[in-house]
Amino acid sequence: MDPVIELQGVEHVYVTDREAVLALEGMNLTVQPGEFISLVGPSGCGKTTLLSIMAGLLTPSRGRVLLHGRPVTGPDPEVGYMLQQDYLFPWRRILDNALIGLELRGQLTPERKESVVQLLEGMGLGGTENLYPSQLSGGMRQRVALVRTLAAEPDLLLLDEPFSALDYQTKLQLEDLIAETLQARHKTAILVTHDLAEAIAVSDRVIVLAAGPGRIRKTFEVPENIRLTQPFYAREQEGFNELFHQIWKELEATERKEGT
Amino acid sequence: MSVRVSSHDNPDNPRRTDSREWLQSLYRDYQHRKRRSRRVVLFTQLSILLSLILLWEIAGRLKWIDVLIFSYPSKVFAQIWKDVLSGDLWPHLGTTVLETAAGFLLGTLVGTLLAVLIWWSPFLSKVLDPYMVVFNSMPKVALGPIFIVLFGGGFTAIVMTTLSITVIITTLVVNSSFNEVDPNLVKVVRTFGGSRRDVFRKVILPASFPAIVSTLKVNVGMAWVGVIVGEFLVAKEGLGYLIIYGFQVFNFTLVLSSLVIIAVAATGMYQLVVYIERRLIRER
Numbered sequence: 001m002d003p004v005i006e007l008q009g010v011e012h013v014y015v016t017d018r019e020a021v022l023a024l025e026g027m028n029l030t031v032q033p034g035e036f037i038s039l040v041g042p043s044g045c046g047k048t049t050l051l052s053i054m055a056g057l058l059t060p061s062r063g064r065v066l067l068h069g070r071p072v073t074g075p076d077p078e079v080g081y082m083l084q085q086d087y088l089f090p091w092r093r094i095l096d097n098a099l100i101g102l103e104l105r106g107q108l109t110p111e112r113k114e115s116v117v118q119l120l121e122g123m124g125l126g127g128t129e130n131l132y133p134s135q136l137s138g139g140m141r142q143r144v145a146l147v148r149t150l151a152a153e154p155d156l157l158l159l160d161e162p163f164s165a166l167d168y169q170t171k172l173q174l175e176d177l178i179a180e181t182l183q184a185r186h187k188t189a190i191l192v193t194h195d196l197a198e199a200i201a202v203s204d205r206v207i208v209l210a211a212g213p214g215r216i217r218k219t220f221e222v223p224e225n226i227r228l229t230q231p232f233y234a235r236e237q238e239g240f241n242e243l244f245h246q247i248w249k250e251l252e253a254t255e256r257k258e259g260t
Numbered sequence: 001m002s003v004r005v006s007s008h009d010n011p012d013n014p015r016r017t018d019s020r021e022w023l024q025s026l027y028r029d030y031q032h033r034k035r036r037s038r039r040v041v042l043f044t045q046l047s048i049l050l051s052l053i054l055l056w057e058i059a060g061r062l063k064w065i066d067v068l069i070f071s072y073p074s075k076v077f078a079q080i081w082k083d084v085l086s087g088d089l090w091p092h093l094g095t096t097v098l099e100t101a102a103g104f105l106l107g108t109l110v111g112t113l114l115a116v117l118i119w120w121s122p123f124l125s126k127v128l129d130p131y132m133v134v135f136n137s138m139p140k141v142a143l144g145p146i147f148i149v150l151f152g153g154g155f156t157a158i159v160m161t162t163l164s165i166t167v168i169i170t171t172l173v174v175n176s177s178f179n180e181v182d183p184n185l186v187k188v189v190r191t192f193g194g195s196r197r198d199v200f201r202k203v204i205l206p207a208s209f210p211a212i213v214s215t216l217k218v219n220v221g222m223a224w225v226g227v228i229v230g231e232f233l234v235a236k237e238g239l240g241y242l243i244i245y246g247f248q249v250f251n252f253t254l255v256l257s258s259l260v261i262i263a264v265a266a267t268g269m270y271q272l273v274v275y276i277e278r279r280l281i282r283e284r
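Chains as they are written, first to last, in UniProt numbering: chain A, 1 to 260; chain B, 1 to 284.
By construction, these hints were calculated from the structure, which means they are not laboratory data.
Among the hints, a few may not be true.
To be verified - If the Cβ cut is set under 8 Å, some of the chain B residues that face chain A in the computed set are:
{"#": "1", "residue": "191"}
{"#": "2", "residue": "192"}
{"#": "3", "residue": "202"}
Claimed, not checked - Derived EDC-like pairs: lysine to aspartate or glutamate, alpha-carbon spacing no greater than 20 Å straight-line:
{"#": "4", "chain 1": "A", "residue 1": "113", "chain 2": "A", "residue 2": "96"}
{"#": "5", "chain 1": "B", "residue 1": "187", "chain 2": "A", "residue 2": "76"}
{"#": "6", "chain 1": "A", "residue 1": "218", "chain 2": "A", "residue 2": "250"}
{"#": "7", "chain 1": "B", "residue 1": "187", "chain 2": "A", "residue 2": "250"}
{"#": "8", "chain 1": "B", "residue 1": "187", "chain 2": "A", "residue 2": "96"}
If you're wondering where the values come from, they're calculated on a predicted model, not measured in any experiment.
Glycine residues also receive a C-beta, built at the ideal position from the N, C-alpha and C atoms.
My request is simple: use the sequences and hints to build the entire structure.
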């Protein structure tokens with residue numbers, strides 16, 4: 001199968017008035033269709049930069065990004081991006097918020113609108129179409145943000161810590177919902193997170209990044225019994241704790257090395 | 001323990017009805033106190049106004065103050081009443097209100113457009129910056145004579161004076177509200193492939209809408225300054241003209257009655273803008 005996205009020797013430099021900083025170094029990554037990948041690492045390891053490059057918001061200083069074999073030149077309809085918070089527009093009603101992507105691409109047809117209404121319904125958001133974001137709870141708002149991303153029918157989802165602003169219970173519920181939804185629709189996903197347990201519970205591969213400059217340190221394959229279990233129950237699977245400790249050690253080693 | 005739980009669940013339970021009544025009486029008390037305090041405030045406000053007017057009247061009639069300069073309320077109100085009845089007042093009031101409305105609407109419009117231009121082009125923004133600083137620091141009213149020479153002594157010159165006062169501050173306020181929009185909202189539009197134009201139309205403008213409407217409120221007050229000063233300088237009509245005219249013929253009753261009318265008209269206009277603002281932003 002052809003990979004969904006491929007990074008070939010991607011490097012990125014931020015230039016400011018004071019200096020030029022190398023943020024990413026020698027990134028090589030291949031993601032297969034339907035895969036769920038998590039990126040974990042200390043702050044400053046360039047996770048958000050990496051996502052921005054894959055989303056076509058940033059052009060890497062060096063190297064190539066291929067989406068279905070084509071070089072990425074800008075934001076692509078095939079890629080959906082979910083941010084750390086919902087960032088719904090407070091002046092738009094829920095349905096109008098969910099439709100913004102289609103609206104921006106000029107793809108808003110009555111049929112597509114109807115399918116977004118159903119998508120909202122499917123996420124337990126039926127009846128909220130005409131409310132404003134301020135009238136919804138944090139978990140509901142993040143679900144609207146998910147609908148907004150899915151409405152544009154992307155192949156690849158980039159998830160930038162989408163659960164970090166939620167309380168623990170909501171977070172667990174949303175993890176399950178997202179994992180289920182993406183699996184049912186055969187989407188490919190790349191998740192950035194600080195939560196190791198979350199990374200192991202939802203993904204097929206966990207990639208540990210090192211900081212200063214950001215680079216891939218080690219990749220862990222998640223065993224099948226954990227992979228095939230719903231995220232909530234995956235935490236009770238055999239081998240979960242062992243994997244958690246392995247990744248934890250790796251992360252600690254990364255941080256110690258930077259300390260010296 | 002279990003007895004208490006079951007008694008809680010029972011709707012006919014006397015304790016529960018008690019507590020409902022208790023809550024209601026607390027709420028009634030609260031409402032009552034609130035209404036009462038509102039009445040007291042209103043009463044005090046009216047007393048202050050009435051006693052000041054009364055004091056002024058007595059001082060005038062008993063010649064504690066120079067009536068030629070300070071006049072007194074019954075004379076002022078008689079003057080207003082006479083002008084209202086004879087119809088002399090309306091053209092003056094109409095001209096001034098029209099000039100003010102034109103000045104503050106144009107000021108808000110042009111100022112907002114300028115802010116858009118500056119937001120659109122960071123280059124232009126950097127180039128224009130020192131000019132904006134100088135023009136903003138300058139007392140714009142000092143430009144009055146130049147506007148008169150340029151546009152003739154009348155409506156246009158006065159509106160231009162007003163515009164010069166309102167435009168830059170509008171630009172600065174609106175532009176800073178453009179820049180304060182959460183960059184992550186912009187990022188949402190960009191991830192969907194939105195252009196700079198989309199970013200402006202879908203995010204920057206709606207997010208800054210409250211700020212733009214609130215500059216309307218600021219501009220109402222500023223526009224009155226511009227119009228009255230403009231009328232001082234040049235006009236043959238308007239409330240500012242009446243003030244200068246009254247001053248020149250030493251008719252201070254006319255001056256003071258014009259001031260009263262300005263106070264009423266300016267407050268009315270301000271309240272109108274507040275009302276419009278509430279209608280426009282109520283929904284969110």
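Taking each numbered hint in turn, which are not upheld by the structure, reported in ascending numerical order? Violated hint (a single one): 7; every other hint is consistent with the structure.
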